[in-house]
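Chemist: One-letter residues, chain by chain:
Protein chains: 2
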Amino acid sequence: MIYFDNAATSFPKPSVVYDSMMEGMKEFGANPGRSGHRSAIEAGKKIFETREAIAGLFNIADPMNLVFTFNCTESLNIGIKGILSEGDHVITTSMEHNSVLRPIMVLENLGVEATIIDGDAMGRIDPAHIKNSIRKNTKLIVTTHISNLTGTILPIEDIGDIAREKGIYYLVDGAQSAGVYDIDIGKLNIDMLAFPGHKGLLGPQGTGGLYIAEDLDLKEMMHGGTGSTSHLLEQPDIRPDRYESGTLNGPGIIGLGAGVRYILDEGMENIRKHEEELTEHFIEGITGLDKVSAYGPLDTRYQAAVVSINIGDLDSSELSYILDQKYGIEVRSGLHCAPLAHKTIGTFERGTVRFSFGPFNTHEEIESAIKAIGEISKEV
Amino acid sequence: MIYFDNAATSFPKPSVVYDSMMEGMKEFGANPGRSGHRSAIEAGKKIFETREAIAGLFNIADPMNLVFTFNCTESLNIGIKGILSEGDHVITTSMEHNSVLRPIMVLENLGVEATIIDGDAMGRIDPAHIKNSIRKNTKLIVTTHISNLTGTILPIEDIGDIAREKGIYYLVDGAQSAGVYDIDIGKLNIDMLAFPGHKGLLGPQGTGGLYIAEDLDLKEMMHGGTGSTSHLLEQPDIRPDRYESGTLNGPGIIGLGAGVRYILDEGMENIRKHEEELTEHFIEGITGLDKVSAYGPLDTRYQAAVVSINIGDLDSSELSYILDQKYGIEVRSGLHCAPLAHKTIGTFERGTVRFSFGPFNTHEEIESAIKAIGEISKEV
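Those protein sequence lines, which keep their order, are chains E and L.
The first sequence begins at -9 in my numbering and counts up by one.
The second sequence begins at -9 in my numbering and counts up by one.
Check before you lean on any hint, since a few could be wrong.
No copy is singled out in the list; a pair is fine if it fits within one copy or between any two copies.
[To be verified] Calculated lysine-lysine pairs in the BS3-like style (CA-CA distance at most 30 angstroms, straight line):
#, residue 1, residue 2
1, Lys209, Lys333
2, Lys177, Lys316
3, Lys333, Lys129
4, Lys361, Lys16
5, Lys129, Lys209
6, Lys35, Lys209
7, Lys361, Lys316
8, Lys16, Lys35
9, Lys316, Lys35
10, Lys156, Lys368
11, Lys16, Lys316
12, Lys263, Lys16
Because the hints were derived from the structure by calculation, they are not lab data.
Please model the entire structure based on the sequences and the hints provided.
Modeler: Structural data, given as structure tokens:
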């Protein structure tokens, strides 16, 4: 089996991730931050270590400004809904995932105005279009860092500069970039960074996070027990507690910490270089093939390890089925929860088949995929 | 080490829970419900098996009316905020956890009216008080099934009858009961049941769920990718997708399924009987001790395996510290995220030390705890 669906969830995880989760569950499986006994304290310490490791990765000065969530979708919901009110204007792009678009659509019904900047046929966003769309009431810009459909890398530094210049908050969706591409909160003008734990950061599912700038009074979405200020009926306003109601995913966060430490040990730029080489190999191999359409910039300076393709008139789900059943290659077909991105690149009707590579993929696997695509393209 | 903090999170888990999580992560660690390849389908199938197992446990006819959440707090937030609007009235009790009280406090600021029914000194709630508090605009009754402070079992059947008679929705917080006490959705008039995965159901942290009655048009709290109707910018209204945005905690839910199957194999009433016997043993052992105050009904017909105590004037955190350091007994001290419950039983100033027992505790451990409490009580 060849797994090329890392943009949905990375697989496999480094073995330290499995091992540390099990150790966490078996050795100190208590509720972190709730009780004062040794197991609970040890669990709480491990969770803080993950918080620190991720803060280090993103150059976040105070780990307490990093809150753990269930997944990147929750992070985006908090980030978008926590800041926008009736009368505010938000700017986003057509390359976004439904986890950005759907919350914004809901807010539109509540009197928030939204502008969606269209990408070009390669999924690229021109920052000037964003700048020109700014209104007096623009409060937030939300963009993905990397498109989950085309792998297109968005110019987040330029967009951040615009946001800073105009005094507008900037929320970056790091779903496809966190753990692989540099995101330096200190250098970039990012007020909020949403990320999943189970993709590039190599942690388990059920983990995610949101960085929230120190001075940003973001509304929380959930209310409940935080293990702190238990005598009060009001949600505490200290961080991270304000945004972390109820029991955290202890073993998941411990596993996530192991994933992040694995990345730091291996060197993020080495992992990225490997993924870039795989992507170049793949693009090179399929570009000459008859009837194969590939989307995005097709250049790893502008595209991450995510390549969407189609073959002839073959339905995308049929193509992925053949790849799975005949060749043992696992990819994702369909619309990838990004309908406007498909409209942008002209694949809304049929979808695409998405290949997404991870640190454990090999060039032999890429070769097999190229061969399979070549064979299928001759048969259609 | 003796672990008596099962009301915070159950520990240890049955070994099948650890094993199935690892199998899930290593063998088919794909993103369930997102892609069509074999690993994703296998992961999706396993998640459905957990949904079916839990539906079976609660006698929920259609498993699709059971949605997975991050934790019980999220379930309660969805249940409470999804149904109440300005002008509505909600009835709850003083025995609730902050995960019920804090969302209601937030809604009060938005024009929702709330009545909090006081428990008696043993934490008992008189259904007649609930009945007498019903107004024309009462839309929801929310009560816990079992107090996390005193273990007091609330009369949910009687309260459900009142709700049914008056046409009011009833949301039950099963945080301390799910997996141990019978909750039959078919028999009881429960419109929503919130529960954690990591307590009585013996699953891992990062899991929880909410049963939502078929005909209840509950607002969702999060919006995003659901892997379904990806072409639409609106949240799908099919279940469970409407309430499950973003990637689920795949390995966590697989582990939860193993926990539930373990309970079904062992027999939930056998587990409950064991916990009742441990609780009786503990209550019997400490009742005669000088300077020891124990709270709640102190009778397992009316109290679950949760017993709060104090010794003399000893601060609760000091007592738990001594138990941990000197005797290796892990318990929770403080307010347990239930401030009004402490006011109800008169322990708001000092908190309590809570002993909570689980299926893997033994009578030898209970004996050790009784001995330790006896020794400490002689020294204070």
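Chemist: If a hint holds in the structure, say so; if it doesn't, say that too.
Modeler: Do the hints match the structure? See the list:
1. Only between protomers do Lys209 and Lys333 lie at most 30 angstroms apart by alpha-carbon distance; the minimum there is 29 angstroms, versus 33 angstroms within a single protomer.
2. Taking identical chains as interchangeable, the C-alpha atoms of Lys177 and Lys316 are never at most 30 angstroms apart, the minima being 47 angstroms within one chain and 50 angstroms between chains.
3. When the C-alpha separation of Lys333 and Lys129 is checked against a cutoff of 30 angstroms, the pair qualifies only within one copy, where the shortest distance is 26 angstroms, while the shortest distance between copies is 43 angstroms.
4. Proximity of Lys361 to Lys16 under the C-alpha cut-off of 30 angstroms is restricted to the inter-copy arrangement: shortest distance 27 angstroms between copies versus 45 angstroms within a copy.
5. Proximity of Lys129 and Lys209 under a CA criterion of 30 angstroms is satisfied in both settings, with 14 angstroms inside one chain copy and 26 angstroms between copies.
6. Proximity of Lys35 to Lys209 under the C-alpha cut-off of 30 angstroms is restricted to the intra-copy arrangement: shortest distance 27 angstroms within a copy versus 36 angstroms between copies.
7. For the identical chains of this complex, Lys361 and Lys316 are intra-copy neighbours only, at 12 angstroms inside a copy versus 66 angstroms across copies, given an alpha-carbon limit of 30 angstroms.
8. With identical chains, the CA atoms of Lys16 and Lys35 are at most 30 angstroms apart both within one copy (16 angstroms) and between copies (26 angstroms).
9. For a Cα distance limit of 30 angstroms, the shortest separation of Lys316 from Lys35 across copies, 22 angstroms, qualifies, whereas the shortest one inside one copy, 47 angstroms, does not.
10. Taking CA atoms no more than 30 angstroms apart as the test, Lys156 paired with Lys368 passes in neither setting, with 53 angstroms inside one copy and 68 angstroms between copies.
11. In this assembly of identical chains, Lys16 and Lys316 lie within 30 angstroms of each other by CA distance solely across copies; the values are 23 angstroms between and 40 angstroms within a copy.
12. Taking CA atoms no more than 30 angstroms apart as the test, Lys263 paired with Lys16 passes between copies only; the shortest distance there is 25 angstroms, against 36 angstroms inside one copy.
Hints 2, 10 from the earlier list are contradicted by this structure; the remaining hints agree with it.
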